[in-house]
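What follows is the residue order along each chain.
Number of protein chains: 2
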Amino acid sequence: MAKNIAGLQEVFSTFLAAMETGREPRSLYAPADYIMTLGGKRLRPLLTLMGCELFGRPAEDALPAAMAVEIFHNFSLVHDDIMDQAPLRRGMPTVHEKYGLNAGILSGDVMLIDAYRSLCRCPADASLARLMERFNRMAAEVCEGQALDMEFERRNDVTLPEYLRMIEQKTAALIGAGLALGAVIAGASPEEEYHIDAFGRHIGIAFQIQDDLLDTFGDPDKFGKKTGGDIVQNKKTFLLLKALEVADEKSRAALLSWYEKAEGDESEKIEEVKSIFQTLRIPEQTEAAKASFQRTAFEHLRAINTPDDRKAPIIEFSDWLFQRDV
Amino acid sequence: MAKNIAGLQEVFSTFLAAMETGREPRSLYAPADYIMTLGGKRLRPLLTLMGCELFGRPAEDALPAAMAVEIFHNFSLVHDDIMDQAPLRRGMPTVHEKYGLNAGILSGDVMLIDAYRSLCRCPADASLARLMERFNRMAAEVCEGQALDMEFERRNDVTLPEYLRMIEQKTAALIGAGLALGAVIAGASPEEEYHIDAFGRHIGIAFQIQDDLLDTFGDPDKFGKKTGGDIVQNKKTFLLLKALEVADEKSRAALLSWYEKAEGDESEKIEEVKSIFQTLRIPEQTEAAKASFQRTAFEHLRAINTPDDRKAPIIEFSDWLFQRDV
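As given, the protein sequences belong to chains A and B, one line each in that order.
The first sequence begins at 2 in this note's numbering and counts up one residue at a time.
The second sequence begins at 2 in this note's numbering and counts up one residue at a time.
If you're looking for bench data, these hints aren't it; they were derived computationally from the structure.
Yeah, the Cβ is synthetic: ideal placement off N, Cα and C, and Gly gets one too.
Please note that a few of the clues may not be correct.
Unchecked claim - Chain B side only, calculated, beta carbon under 10 angstroms to chain A, not exhaustive: (1) T22; (2) G23; (3) R24; (4) L29; (5) I114; (6) R138; (7) E145; (8) M151; (9) E152; (10) A313.
Generate coordinates for the entire structure from the input sequences, incorporating the hints supplied.
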């Protein structure tokens, strides 16, 4: 009997609470302990547990792999926060703010190594070669996505396909790999592994597109933060790139002039850009793109031949991800 | 028939020359290509090839593991150079100097992942679990050693045993693991793996002690750089920590006062500190410590029951490492 989301969360949080902390030297491991205990939603490790139960093996057997996914995610946050010069993470000082640049770099490194160490604690009957292959490919992709994201900040000719490729690597690859690692532990065939990975990737892309939409058009009460941040920061989002793709000359010129302004009234800029987006029917087209990625995701899930009750937690999880209304 | 050093260097350099370069995105992989092609002595991968031939398997089968060792070493240089704010590496700009801080961090990350990918290309009959376990432990140790090294810069109560532990982790662990990975590929027993690892560790510590000695007392013509750099930079070396351990009150006070001086004539400081070291017979005691670690290393090598001709390249290599006269 496959566990539901709450059951899986319980399994993971118990495992996480038992994780060794306090290792020496503290200058290396305290920053790692700090970020790992800062919280976060722990969504990614759940995927690994779900991927395992989908193919009939108890979630408990996938715990070391789930932990590898969670440690890897936190490693990437530590280094990304340095690169993005972010002062806050989950409402608290980022690692490099709290401990300094060098600690941020080095503790991030040892977390990446820790992720591999955790992966090596998977059950001996699971193919370590397959797990490593899957994990390595994902890890390289996440770095590639981060590199592209930084490149895009400096470029003014980013296309929508390039953007989709970037978010697939930076964000969605880990969602896919999270599920796929669980599947490999449960002995899924390469074809099944491919489909669950592709499900996760498409869900991940759809989620990032939704995130872009909510940042501009979300209900601030439900979204949990002020909208318009991406516009103020001139971020190349799905909305902007779609708008530049479909805009007539006049709207295009208007958009570009707003995005070239370094100063001025923020709320005026937000309202004007939103208005151009609405005229161009960008919210509708963004919704349509999101729905299209979701549909493809579910085609991949349907291609997997396991009982429906085993798929239930994954569908529940996906519904939950997308329930946040615009 | 085990290959000699020159033969092994040929095998590795051919493999290295065939390594894939030019991967996309360039912003991520160009810095990695740059550091990997900057040269360096490629000593560490040779150890892996030697460790493999010692136990009767051709060096060629250890090439992916040797490459993992070389990539890991270069990863650690890229991140260490950021932490040490080093402008030059092998006479050329460091990665972060040439490509910026963010590229240094992210390209270093992907190199660490690449090292794991290379390790996974080892022959299928070698135990990936054992290789990973060995590699992971070494990788964590190198981070721990670097953390301690940075801690020591801020501390004034570092002891000689602490220093030895730091150089074991930061430098010698990779020498030991380099050999041990080759041994694992050749199917060495855990006991044999332990001894070859311990041989490498002790040689590595002896080598670092020699390096400290040469930096202060080396013949500049043979040593290849100006001596006295460690003294000018107030580095806590074996020499200084040994001196502080054995000094009477007067010498101790004199040493500390030199090391507290921020300004003044560099060559006077070098000469005065060297003179105190000589009075305390530090060069002799340092030589004795180095010789002791070398002896222990060779006891571990002798404990390995393989034909003498298979040990010949390792002995040749070790002689070569230590032939640089004071």
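Here is what the structure says about each hint:
1. T22: Given a least distance of 15 angstroms, the restraint on T22 (chain B) is violated.
2. G23: This hint is violated: G23 (chain B) lies away from chain A, its Cβ roughly 14 angstroms from the closest one there, beyond 10 angstroms.
3. R24: holds (9 angstroms)
4. L29: With Cβ-Cβ at 4 angstroms, under 10 angstroms, it holds.
5. I114: holds (5 angstroms)
6. R138: Status holds, d = 8 angstroms.
7. E145: Cβ of E145 (chain B) sits 6 angstroms from chain A, so the hint holds.
8. M151: holds (6 angstroms)
9. E152: Status holds, d = 5 angstroms.
10. A313: violated (34 angstroms)
Hint compliance for this structure: hints 1, 2 and 10 are not met, and every other hint is.
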